[in-house]
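Using the sequences and the accompanying hints, generate a full structural model.
Quick note, the sequence shown lines up with residues 1 to 195 if you use my numbering.
Derived from the structure by calculation, the hints contain no laboratory data.
Taking lysine-lysine pairs in the DSSO-like style, the calculated list, with each CA pair at most 30 Å apart, reads:
(1) Lys26 - Lys14
(2) Lys48 - Lys26
(3) Lys28 - Lys116
(4) Lys28 - Lys190
(5) Lys109 - Lys48
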Amino acid sequence: MDFELTPEQKDIQKAAREFIQGEYDKEKILEWEQTHTFPKEIWKKAAKLGFIGIHYPEEFGGQGYGVFENILIVEEFCRKDSGVGVALSLADFSSEVVLRFGTHEQKKKYLIPVAKGEFISGGAYTEPDHGSDITIMSTTALKQGDSFVINGTKTFITNGSLADFFVVLCQTDPNAKPPYRGQCTILVEKGSKGL
Numbered sequence: 001m002d003f004e005l006t007p008e009q010k011d012i013q014k015a016a017r018e019f020i021q022g023e024y025d026k027e028k029i030l031e032w033e034q035t036h037t038f039p040k041e042i043w044k045k046a047a048k049l050g051f052i053g054i055h056y057p058e059e060f061g062g063q064g065y066g067v068f069e070n071i072l073i074v075e076e077f078c079r080k081d082s083g084v085g086v087a088l089s090l091a092d093f094s095s096e097v098v099l100r101f102g103t104h105e106q107k108k109k110y111l112i113p114v115a116k117g118e119f120i121s122g123g124a125y126t127e128p129d130h131g132s133d134i135t136i137m138s139t140t141a142l143k144q145g146d147s148f149v150i151n152g153t154k155t156f157i158t159n160g161s162l163a164d165f166f167v168v169l170c171q172t173d174p175n176a177k178p179p180y181r182g183q184c185t186i187l188v189e190k191g192s193k194g195l
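This is the structure in structure tokens:
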């Protein structure tokens, strides 16, 4: 088995390395870390250059590469500064759920803006009473007409203060055995009532 990177993968890796080295400003990064500020200007530049959502299909704003190419980019970003690298990589964290399970319309509506650096995704999975044990959810979602009414509390929401939309894990069937079989994720836009 050959573990050597392809020439194209090496080019992606090199481009990511050169980009982050060119954007690296120790003082600015220190300020971001001290003020808990997301590096939005680097995020937008990275998106413009195609580093964000590189593994999305082209029709949804990506370049159609695989997850491995995305990992090469994250690795290079983290090699320079892990705080910035992780922040940039987590800005599309919950987009993976949309990519894998969303409708065609949802993918167009949410993934294209993420890949362009216009949207940041959030993930609401953890609950105060259950921590990160996603096999048990107290948050419920009940269908009413064409939408759902969600009731519950989440904590440690990935990109909670930044996100334009959230993927929320909910219990939709309280009688499901085991309980996780009665769960689903629901897209909730920033500004939704009760959020």
